[in-house]
Amino acid sequence: MPSKRNRVPCNWVDVAKMGTIVGTSRFVPLRVPLDAKYTPQLYENSGEIWTPADFLELQKAQHLNIKMIIDLTNTFKYYDGVEEFKESGVQYVKLKIEGFNAPPDIRDVANFMKTVDEFLANEPNGTIAVHCTHGLNRTGYLLVTYMVKRLGYTVTEALEAFMAARPPGLIKHMYVRDLYTRLGEGEDAKLPELPEWASAKYGERATEKIRDHNWVNQENGGLNDTKHGEHLRFLE
Numbered sequence: 001m002p003s004k005r006n007r008v009p010c011n012w013v014d015v016a017k018m019g020t021i022v023g024t025s026r027f028v029p030l031r032v033p034l035d036a037k038y039t040p041q042l043y044e045n046s047g048e049i050w051t052p053a054d055f056l057e058l059q060k061a062q063h064l065n066i067k068m069i070i071d072l073t074n075t076f077k078y079y080d081g082v083e084e085f086k087e088s089g090v091q092y093v094k095l096k097i098e099g100f101n102a103p104p105d106i107r108d109v110a111n112f113m114k115t116v117d118e119f120l121a122n123e124p125n126g127t128i129a130v131h132c133t134h135g136l137n138r139t140g141y142l143l144v145t146y147m148v149k150r151l152g153y154t155v156t157e158a159l160e161a162f163m164a165a166r167p168p169g170l171i172k173h174m175y176v177r178d179l180y181t182r183l184g185e186g187e188d189a190k191l192p193e194l195p196e197w198a199s200a201k202y203g204e205r206a207t208e209k210i211r212d213h214n215w216v217n218q219e220n221g222g223l224n225d226t227k228h229g230e231h232l233r234f235l236e
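Numbered by full-length UniProt numbering, the letters in the sequence shown go through residues 1 to 236 in order.
Quick caveat, the hints were computed from the structure, so don't treat them as lab data.
A hint or two may mislead.
With a Cα cut of at most 25 Å, we get these calculated DSS-like pairs of lysine-lysine [as the list claims (entries may be wrong)]:
# : residue 1 : residue 2
1 : Lys86     : Lys96
2 : Lys149    : Lys114
3 : Lys201    : Lys149
4 : Lys17     : Lys77
5 : Lys94     : Lys67
6 : Lys190    : Lys67
Assemble the whole structure, with the sequences as input and the hints as a guide.
Structure follows, in structure tokens:
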């Protein structure tokens with residue numbers, strides 16, 4: 001039995017390894033690649049093995065011309081990006097973002113926007129791979145934000161483009177509500193239908209459970225917080 005630290009993430013095999021280019025953007029969403037220490041756990045499901053080398057091979061086969069990969073996971077345990085992507089022609093960028101208790105905060109969004117803007121200014125043709133753990137929620141939130149702010153999408157249009165490229169799309173209701181609150185003036189919020197594996201984890205009841213948990217911890221002085229709209233961001 002692998003240690004908890006080195007277990008394949010929950011529901012990781014329930015989503016595809018990589019999506020396609022999102023709408024008119026230059027983003028390609030994917031699930032986090034896992035280095036060789038995770039491979040023994042997947043021997044009985046070998047088709048789901050997904051290493052950094054597998055990512056490089058697949059993006060080349062699909063002619064995606066990926067020149068940057070942005071890693072949003074809040075850990076360094078899944079793979080060593082600097083080592084894995086050296087001499088690959090793909091620039092590795094780590095933006096460590098907590099994703100359980102609240103959407104990416106203002107600093108996270110600003111760092112992501114700056115990273116992408118600088119890349120696109122200097123790379124006229126390359127695309128950008130972006131992943132969190134599953135390539136759905138933190139990834140979707142930041143890609144939708146960029147597409148609304150820079151590419152003229154509405155929130156609904158950006159969410160639909162993301163879902164088409166990376167099914168089942170951005171599924172965390174708390175994140176979707178936040179996008180409409182911040183960026184969707186005049187739009188009616190459309191919450192996603194959740195796949196069965198995600199309903200308990202990302203639906204309304206799960207959101208309320210997180211809020212209740214955070215309120216108790218705040219009352220007990222157990223967590224630090226920073227404001228993010230109407231949310232409190234709690235850091236690990």
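Each hint tested on the structure:
1. Lys86 x Lys96: holds, 20 Å
2. Lys149 x Lys114: Holds, at about 12 Å.
3. Lys201 x Lys149: violated, 29 Å
4. Lys17 x Lys77: holds, 18 Å
5. Lys94 x Lys67: holds, 14 Å
6. Lys190 x Lys67: Violated: Lys190 and Lys67 sit about 33 Å apart, past 25 Å.
Checked against the numbered hints given earlier, this structure breaks hints 3, 6; the rest are met.
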